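Here the structure of chain F is known, so what remains is to put chains X, Y and W in place on it, guided by the hints.
There are 4 protein chains.
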Amino acid sequence: MAYIQQHSAELPTPVRLGLIGSGWMGAFHGESIARRVPGAVLAAVADPNVDSAASVAAQLGTAKVTADAADILADPDIDAVIIASPARFHASLIAQAAAAGKHVFCEKPGAQSLEELDAALAAVETAGVHFQIGFNRRYAEDFQSAKKDLAAGIAGQPQLLRSLTRDPGTGSIPQAARVPAWTIFLETLIHDFDTLNWFNEGAEPVEVYAVADALVEPSLREQGFLDTAVVTIRYSNGAVAVAEANFSALYGYDIRGEVFGSKGMVQAGRATETAARRYTAEGLSADTPRLNVELFRQAYTDELADFAGAVRARRDGVPPSSGDFTITPGAADARRALAMALACIESVKRGAPVAVNETAAV
Amino acid sequence: MAYIQQHSAELPTPVRLGLIGSGWMGAFHGESIARRVPGAVLAAVADPNVDSAASVAAQLGTAKVTADAADILADPDIDAVIIASPARFHASLIAQAAAAGKHVFCEKPGAQSLEELDAALAAVETAGVHFQIGFNRRYAEDFQSAKKDLAAGIAGQPQLLRSLTRDPGTGSIPQAARVPAWTIFLETLIHDFDTLNWFNEGAEPVEVYAVADALVEPSLREQGFLDTAVVTIRYSNGAVAVAEANFSALYGYDIRGEVFGSKGMVQAGRATETAARRYTAEGLSADTPRLNVELFRQAYTDELADFAGAVRARRDGVPPSSGDFTITPGAADARRALAMALACIESVKRGAPVAVNETAAV
Amino acid sequence: MAYIQQHSAELPTPVRLGLIGSGWMGAFHGESIARRVPGAVLAAVADPNVDSAASVAAQLGTAKVTADAADILADPDIDAVIIASPARFHASLIAQAAAAGKHVFCEKPGAQSLEELDAALAAVETAGVHFQIGFNRRYAEDFQSAKKDLAAGIAGQPQLLRSLTRDPGTGSIPQAARVPAWTIFLETLIHDFDTLNWFNEGAEPVEVYAVADALVEPSLREQGFLDTAVVTIRYSNGAVAVAEANFSALYGYDIRGEVFGSKGMVQAGRATETAARRYTAEGLSADTPRLNVELFRQAYTDELADFAGAVRARRDGVPPSSGDFTITPGAADARRALAMALACIESVKRGAPVAVNETAAV
Amino acid sequence: MAYIQQHSAELPTPVRLGLIGSGWMGAFHGESIARRVPGAVLAAVADPNVDSAASVAAQLGTAKVTADAADILADPDIDAVIIASPARFHASLIAQAAAAGKHVFCEKPGAQSLEELDAALAAVETAGVHFQIGFNRRYAEDFQSAKKDLAAGIAGQPQLLRSLTRDPGTGSIPQAARVPAWTIFLETLIHDFDTLNWFNEGAEPVEVYAVADALVEPSLREQGFLDTAVVTIRYSNGAVAVAEANFSALYGYDIRGEVFGSKGMVQAGRATETAARRYTAEGLSADTPRLNVELFRQAYTDELADFAGAVRARRDGVPPSSGDFTITPGAADARRALAMALACIESVKRGAPVAVNETAAV
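Sequence lines, in order, name chains F, X, Y and W.
The first sequence begins at 133 in the numbering used here and counts up by one.
The second sequence begins at 133 in the numbering used here and counts up by one.
The third sequence begins at 133 in the numbering used here and counts up by one.
The fourth sequence begins at 133 in the numbering used here and counts up by one.
Only chain F is shown next, with the shape it has when bound in the complex (with noise of 0.2 angstroms):
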């Protein structure tokens, strides 16, 4: 053999994760880690439901598996834990994972009530850890734009935003109506409230109306879950914004974002799953992006890549490269998305608009 060189090349050490949830949402997580983020490794896998965890890990080549988080977060190899367990549980394992020193990424919402999201960010900050809330869509390329564009002032002052979540569904809504109540605000719109937030960034929001109801599935009403709401909210700055969101859209996945100001509009979304179209006798027809995990599936890396890349950068006391704008979403997005969902229900209880302070005071 006559390489020049042959040896150890000296790549920076991978960040070691630990996939505590391995459901469906947990399970992707898990492998955009093994095999789209360079720089990281899935080093454990943690869900009660083991059979479930250890699935996961050998289809991603995982070396560890266990039932109980608990063994993650007492494993010294492990830099940092990704949270996809259900919501119930977020704010208890945030903390706990602060609070073993690891840096944490928490699928959205952060808790279920402010005072316990509260509790969890206040171990984060005693932790000194790194903490990221999962508002992926910050991280889609048509998203980027539009903030880039909203921070060079291409709207000038936000008026109008707009926010919407169409979800195709499962097509088994009554399976969904296992899932909690108030979904709908707690785990959907609050991207959307996020989304707001992040393209009217520097005001706060003020005061919600929301409307809810079961649309796709009316018999599920009376049992308290709902499938169609529209919300309307006031921002510090005057600005009012919209979002919205139904559980059953037959056509796919659709994500949009807009913002129309003084100056002009912005707008993200993809009506189309690719730039391909068909011409024929019907007219003309594309294809529509369908699951979630399509649609974002490379935000789902990026935002991945972003938390494995401040990680990496706190453990090598390197400062993570800022860039125009703000993305990574942290401890005072999730709060803030959390206390608009909380206002939402307590509006769609009374019928009518509630401030957001009154249910986010501390």
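Put simply, identical chains are the same to the list, so a pair is met inside one copy or across any two.
SDA-like cross-link-like pairs, simulated, lysine to any residue; straight-line CA separation at most 25 angstroms:
no.: 1; residue 1: K395; residue 2: T406
no.: 2; residue 1: K481; residue 2: S368
no.: 3; residue 1: K395; residue 2: P350
no.: 4; residue 1: K481; residue 2: E247
no.: 5; residue 1: K280; residue 2: T406
no.: 6; residue 1: K280; residue 2: A407
no.: 7; residue 1: K280; residue 2: S368
no.: 8; residue 1: K481; residue 2: V338
no.: 9; residue 1: K395; residue 2: L352
no.: 10; residue 1: K395; residue 2: V348
no.: 11; residue 1: K395; residue 2: E414
no.: 12; residue 1: K481; residue 2: E354
no.: 13; residue 1: K395; residue 2: A407
no.: 14; residue 1: K395; residue 2: T458
no.: 15; residue 1: K395; residue 2: R353
no.: 16; residue 1: K280; residue 2: D419
no.: 17; residue 1: K395; residue 2: S351
no.: 18; residue 1: K481; residue 2: R468
no.: 19; residue 1: K395; residue 2: R422
no.: 20; residue 1: K395; residue 2: D299
no.: 21; residue 1: K280; residue 2: F457
no.: 22; residue 1: K395; residue 2: D345
no.: 23; residue 1: K481; residue 2: L352
no.: 24; residue 1: K280; residue 2: E405
no.: 25; residue 1: K481; residue 2: E336
Hint data in this document are derived by calculation from the structure and do not stem from the laboratory.
Please read all numbers here as calculations on a predicted model, not as lab measurements.
Same frame as chain F, now just chains X, Y and W:
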């Protein structure tokens, strides 16, 4: 520690690839392999400019570096090679790699003459190795969507086809002039020829008529460097295709394909970088795609993932999964497109149509 | 001369229309009638500003001019009137015209209160004349296409609707401030309300919640002039709609409608002035629609052609042809939209949702 | 009655036009004049099929009908003629009309040979009458927008151009076969040639290479009826253009133009009938334009309004207003495009490129 399982996870052994040529495109392929192709390892880099090879290897964590591609070919730890050297070396490298029992991914063109290419492909066939040519557009999601529709008969019998390449260039055409005179046919339009052949699968290109000129940089006309070309192609099924290229598209990297037939039309090509849109006092605006490695980033990854998958399937004796339609561009595709490019050069010289088999005969 | 036939061709006698109000919109309606509506004649123009009326008449070849609309109402040669005076005169002019046996086309709003409107519509009913309100968007080709799809059930049961008006304004909001404070609801959003009612045909608006502010020209807030508004509307079929408006869209005249339902979504609204596109070093760009009389030029013509056709059908005893879906906006449409606008005003005053029938009761 | 003014309004005397040829296109032009061109009157209709002429006249309220175009030419009350007879009569009708002192609007082509055309245009020049050829695409709003951008230098120096015609046809190509064999060049692509010439104003077409075949209806190949053609055109400024046509576009009427140059690209062409969009379980869909008289309805009106305006300006001694760029297609445009069509026919016969001036020399 209380992990339920703690063991070496049983992932398939990665495919080990050697990169030959670490110029701009080679370095990008190396990065794709090292960072974005699951199950592949960039095991070695060869370049006569060994500093370039070392630099690429260092960035990508590749252990082996050499000035001589023969080192890679002789290395039993390497399964396959990626040939990204200048085009004039392609044919002999293909032949040598095949003779060394390495599977071969080669950037286009496979050779600069049909004689050379036929010799190289004969070596591939004799050795029984897998061969893939770098027609990356087949892996772009919109071109795949169009191909899928064509395979499903959406457009009916093809009658009119179009493929175009508008390259933003480097802003430095005189530099480009140092590349061979017929680059526009041999290295650029060869992509379009393959797209047309793939879209019109089952038909053979019969005759070409090519017009070419130095319109971007007229001063280079005498040196024979042509920057603008239009080609008309007659196919055996009667379809007529047009391919066009230009080396200085100020608005970005514009790659489109279109097939019109007895039942309709399909189009591929991405007009804007993302789905984001701006509306200002100047009207609507959006960013356009720029570098090919941005526009086709995923396509470049996917062509290498396809190659790695095929190499692994050969190694492990598992047949690669086959899809609804042909994707992987192989020996016959490399030859067909090269024959067209050579016929175009002859057509420009004669100022007349030229039968493809006139230059393609062996 | 050797003409085979040479005679007075037997075209139907034109419909003779009198224009009441020759301001900007009145003059445009006059021009549409005189130049673009076959079978209609602009027979007279009335305006207290008789110079304005005379100027319009002179440009359009109209023979009769008066300062007093009563002259037109008393003229037996006139079949019908177009009311384009300031809104505060609409109701009494409708009533007078009906009493004089003239068919009536009235610009929106039909009145400024429901009491006035009901009196006017009672006069219409008593007189048995034809009544059309100026909801021109129903005649825009894209809104008609959407309506046709909705009537065919493409979107299924409506669940979420949206209509918006972004008006480029005159660049002179202070001037706008001389119009009544609630213009944004009574004269602008009333269009959106009608679009939503038409798209959600068969359902009744039940409750509105309106937010409005002076964001374009905050100094006018105290004078009550509002330039930005968002309205949430609950319909009797459970659908939730959002209407929004703003008086200073720098990028042009942006009118959109969207209906999302159990089977899909339909959208109307034209993003660019023409299908032409530019690609330059700055990316993609295109011109956006500007004046409403440009964007809706054909729609304005077609609404008057519809009116003229209905008048002719009444006169000649021929039933007007009916299409696949309802187009002509009549008395009930005028009332429904006005009731919503009035409920919005009340909602802004109260800062709370308001039942439409609370203000709409007669 | 108390009208302040009651008098004959002083509108300009209308232009009185005679229609020669009342077939499908002639009847449509007649309707445009009678109903959509302000200031023009359809004064007479001539057609050897006098029943056809009488039927058109009756529908449009035209008083005079004749089997003999000479009656119109001899009528002192008629200012100008619209020639919409079969193409083989165009040249002699132009000459006769000019000799009779009538201004002439003639559908394309101006003639079927350059000799005939030159004779006809000489008569026009001798008589000093106004001449316009029916290249209606110049009046389409998107083509005008593109032309305006080109005139402003947006695309820089043209390098690559494209124009295409995809005609949905009548679904009855055998019927079409009764029209002359070279229709695709003389009556269809002649539109594209004019578009290219107009977009590349200042340059002359130098050489064409045409490929044509009977792909839609191969059985008609022997009779010489060609339904598919592609033409490459070299211009005096080095630009290379491609024109293509097909007579059976199942998806509708598809007319596009594109100019790529040293600074950018402009595109014209309307992909969908309206801006409305549908999203269903099948994805995105929209209607496509169908009949040319729908797609170009306003363009057909505007070309006749331009003609009527020019006739009025001549009559009244007022110079017609001139715009930012050339619109009205005249004698030179008619000749240039015809010369290209004839050179294409020769190119198909020879299977080789043909210099335009080879067939165009007088």
